[in-house]
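Go by the hints and put chain V onto chain R.
So you can see what is in the structure, the chains are spelled out below.
There are 2 protein chains.
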Amino acid sequence: MRATLMYGAGDVRVETVPNPTIQEPTDAVVRIVAGCICGSDLWPYASRPESAEGARMGHEFVGVVEEIGSDVTGVAVGDFVIAPFVASDGTCDFCREGLQTSCRHGAHWGGRNDGGQGEFARVPQASGTLVVVPPGFDEKLIPSLLSLSDVMCTGYHAAKKAGIKPGQSVTVIGDGAVGLSAVLSARLMGASRIILMGRHEARTDLGREFGATDVVAERGAEGIAKVRELTNGDGTHAVLEAVGLKPAIEMAIGVVRDGGVISRVGAPQFSDVPLGFPEFLRNITLTGGVAPARAYIEELLPLVLDGSIDPGKVFDRTIGLDDVPAGYQAMAGREALKVLVRP
Amino acid sequence: MRATLMYGAGDVRVETVPNPTIQEPTDAVVRIVAGCICGSDLWPYASRPESAEGARMGHEFVGVVEEIGSDVTGVAVGDFVIAPFVASDGTCDFCREGLQTSCRHGAHWGGRNDGGQGEFARVPQASGTLVVVPPGFDEKLIPSLLSLSDVMCTGYHAAKKAGIKPGQSVTVIGDGAVGLSAVLSARLMGASRIILMGRHEARTDLGREFGATDVVAERGAEGIAKVRELTNGDGTHAVLEAVGLKPAIEMAIGVVRDGGVISRVGAPQFSDVPLGFPEFLRNITLTGGVAPARAYIEELLPLVLDGSIDPGKVFDRTIGLDDVPAGYQAMAGREALKVLVRP
Numbered sequence: 000m001r002a003t004l005m006y007g008a009g010d011v012r013v014e015t016v017p018n019p020t021i022q023e024p025t026d027a028v029v030r031i032v033a034g035c036i037c038g039s040d041l042w043p044y045a046s047r048p049e050s051a052e053g054a055r056m057g058h059e060f061v062g063v064v065e066e067i068g069s070d071v072t073g074v075a076v077g078d079f080v081i082a083p084f085v086a087s088d089g090t091c092d093f094c095r096e097g098l099q100t101s102c103r104h105g106a107h108w109g110g111r112n113d114g115g116q117g118e119f120a121r122v123p124q125a126s127g128t129l130v131v132v133p134p135g136f137d138e139k140l141i142p143s144l145l146s147l148s149d150v151m152c153t154g155y156h157a158a159k160k161a162g163i164k165p166g167q168s169v170t171v172i173g174d175g176a177v178g179l180s181a182v183l184s185a186r187l188m189g190a191s192r193i194i195l196m197g198r199h200e201a202r203t204d205l206g207r208e209f210g211a212t213d214v215v216a217e218r219g220a221e222g223i224a225k226v227r228e229l230t231n232g233d234g235t236h237a238v239l240e241a242v243g244l245k246p247a248i249e250m251a252i253g254v255v256r257d258g259g260v261i262s263r264v265g266a267p268q269f270s271d272v273p274l275g276f277p278e279f280l281r282n283i284t285l286t287g288g289v290a291p292a293r294a295y296i297e298e299l300l301p302l303v304l305d306g307s308i309d310p311g312k313v314f315d316r317t318i319g320l321d322d323v324p325a326g327y328q329a330m331a332g333r334e335a336l337k338v339l340v341r342p
Numbered sequence: 000m001r002a003t004l005m006y007g008a009g010d011v012r013v014e015t016v017p018n019p020t021i022q023e024p025t026d027a028v029v030r031i032v033a034g035c036i037c038g039s040d041l042w043p044y045a046s047r048p049e050s051a052e053g054a055r056m057g058h059e060f061v062g063v064v065e066e067i068g069s070d071v072t073g074v075a076v077g078d079f080v081i082a083p084f085v086a087s088d089g090t091c092d093f094c095r096e097g098l099q100t101s102c103r104h105g106a107h108w109g110g111r112n113d114g115g116q117g118e119f120a121r122v123p124q125a126s127g128t129l130v131v132v133p134p135g136f137d138e139k140l141i142p143s144l145l146s147l148s149d150v151m152c153t154g155y156h157a158a159k160k161a162g163i164k165p166g167q168s169v170t171v172i173g174d175g176a177v178g179l180s181a182v183l184s185a186r187l188m189g190a191s192r193i194i195l196m197g198r199h200e201a202r203t204d205l206g207r208e209f210g211a212t213d214v215v216a217e218r219g220a221e222g223i224a225k226v227r228e229l230t231n232g233d234g235t236h237a238v239l240e241a242v243g244l245k246p247a248i249e250m251a252i253g254v255v256r257d258g259g260v261i262s263r264v265g266a267p268q269f270s271d272v273p274l275g276f277p278e279f280l281r282n283i284t285l286t287g288g289v290a291p292a293r294a295y296i297e298e299l300l301p302l303v304l305d306g307s308i309d310p311g312k313v314f315d316r317t318i319g320l321d322d323v324p325a326g327y328q329a330m331a332g333r334e335a336l337k338v339l340v341r342p
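So the protein lines, in turn, are chains R and V.
Going by numbering that gives the first Met the number 0, the letters in the first sequence line up with residues 0 to 342, in that order.
Going by numbering that gives the first Met the number 0, the letters in the second sequence line up with residues 0 to 342, in that order.
Next up, chain R with everything else stripped away, as it sits in the complex (with noise of 0.2 angstroms):
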């Protein structure tokens, strides 16, 4: 099959690779029907190393189900699945707990493993990991279906662990397809003033599609003055950081209320949070992390087969296989929003 590898910075290529098969039990074979490319994959794509050994890409697909293993339940040849980012078995205490970033027999896609930017991909802890779309529905929707493999699921994770109520403030910190996710996330659960931190008008303009009520382009002091100006100089009760950007966390901690929540699910770029003193005075809340989205599918499935939510409008660009190169080209030169492959 064809499939991607990366072997170091800007240097991807489509290749010929073995086709997957099943080699455990729990494990299924998915051809896939669309995957894309994750603004998290241009991290590598602007510093990885050069090496001999190229590795897989993608972390993001739906598709059919072609093979089960012997152990498989719940999941047939011939469904239509969507992959969340990180295989989890469905049964340790993480798993039970809606943390299966943290399964106890968890598996990521890529490296070495089958990768989302490709033919087909072998999943294990098919059983745990996959979810089942009912058959019936219209095509249309499988960018909003492969949304919730990640971004849509992660800006969800970041509105859930903020924990935002009805009526309350909410500044979500970059305009990319987790941002954006984390504003119709935030609406969603009843944000009554969305302030979104961005200054690409055609993302910005999404967003208020989406359900912000603000946006404000200045970053760093300029936007803390801006939001606080908006929020009678308080802040909003919570803060989704999507960017993962030390600029992006100091401007999180500047614009959240005392006794706030920064709900971050950003993958940061940095290892440390400047929240000991004086902030401890604030009595804000760091929150967040890599996004369980298997957790979170089977909640907002049905809001996307009913319509009521549209979280593929991330997608603004659609390529085949051959064209991912130029896809992490478009997303890295800010061409592209978010790209979704077609192989």
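One copy or two, it doesn't matter: identical chains are merged, so the pair holds either way.
Straight-line alpha carbon distances no greater than 20 angstroms define the calculated EDC-like cross-link-like pairs of lysine to aspartate or glutamate that follow:
no.: 1; residue 1: K245; residue 2: D271
no.: 2; residue 1: K164; residue 2: D92
no.: 3; residue 1: K312; residue 2: E208
no.: 4; residue 1: K225; residue 2: E200
no.: 5; residue 1: K245; residue 2: E278
Hints are computed from structural coordinates only; laboratory data are not their basis.
The structure displayed is predicted, hence computed values, not measured ones.
Just chain V now, kept in the frame of chain R:
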């Protein structure tokens, strides 16, 4: 009247100062029946620069109302009252939300204001700040009533913000008065396993009396390994951090279970918390901060009055006002856990 002033590190003096008077119609004047020295007083005692003007000391006291301003309601002359360690109006949005430490008209004891280590204190925002103790209580309860000014409520804040559920496991870092109060609070909230990290046997013995099921004397990597050993390698659902030094917060990160909560109430003597990458992958929540003691006094007072809890046991020495300098010395030298002052 006589009151305590600090002129620099190690330089505590008891001097004659003007008696407080009503300055605002919302003020009260309280005759202090019992005050105390706080672990947090030891930070300036260790490092405060010398100055010609001394700072008034103490932020915990109980006493009898001597005089009230014309706007004070709910508090009458002769009432026995508990003063939480921050004054608050009780009516602003932050106070109504239970975050009295962020009160829009709040005030702090000490510095140029009266402190709790003296004979009298002017209490700003008396209606919101003071909690009246119903008359007829046993004098022996005074230490426990005094503990509601700060340490017991601070330990309780840690436990409340951690959201401890019955049956969960908790690590408490620090065997000072706040750490021991956190142990008692974790027990009140139904924790089934309470691991106290501390190495002063008299204190950890009191910790066991308060509800600790295990004591770990080791620190750093060894301490982390020990707690993990006690919890099947996972760490505990909640960690209550009552020290405020960087190694303590690092230990907290080491002993918290994935998806767990670090609730810190030790005033941080550092600016950065190492919760960037890779801790992001573990979905750890950091919460807590300076405790809004006022929010918890009414909840804990009945438990003190009916003898369900006896948090006053953290006081292991009682002195008069003239002995306050020696009291600081005893606490700094760890001869005393917490010193009660009867002016």
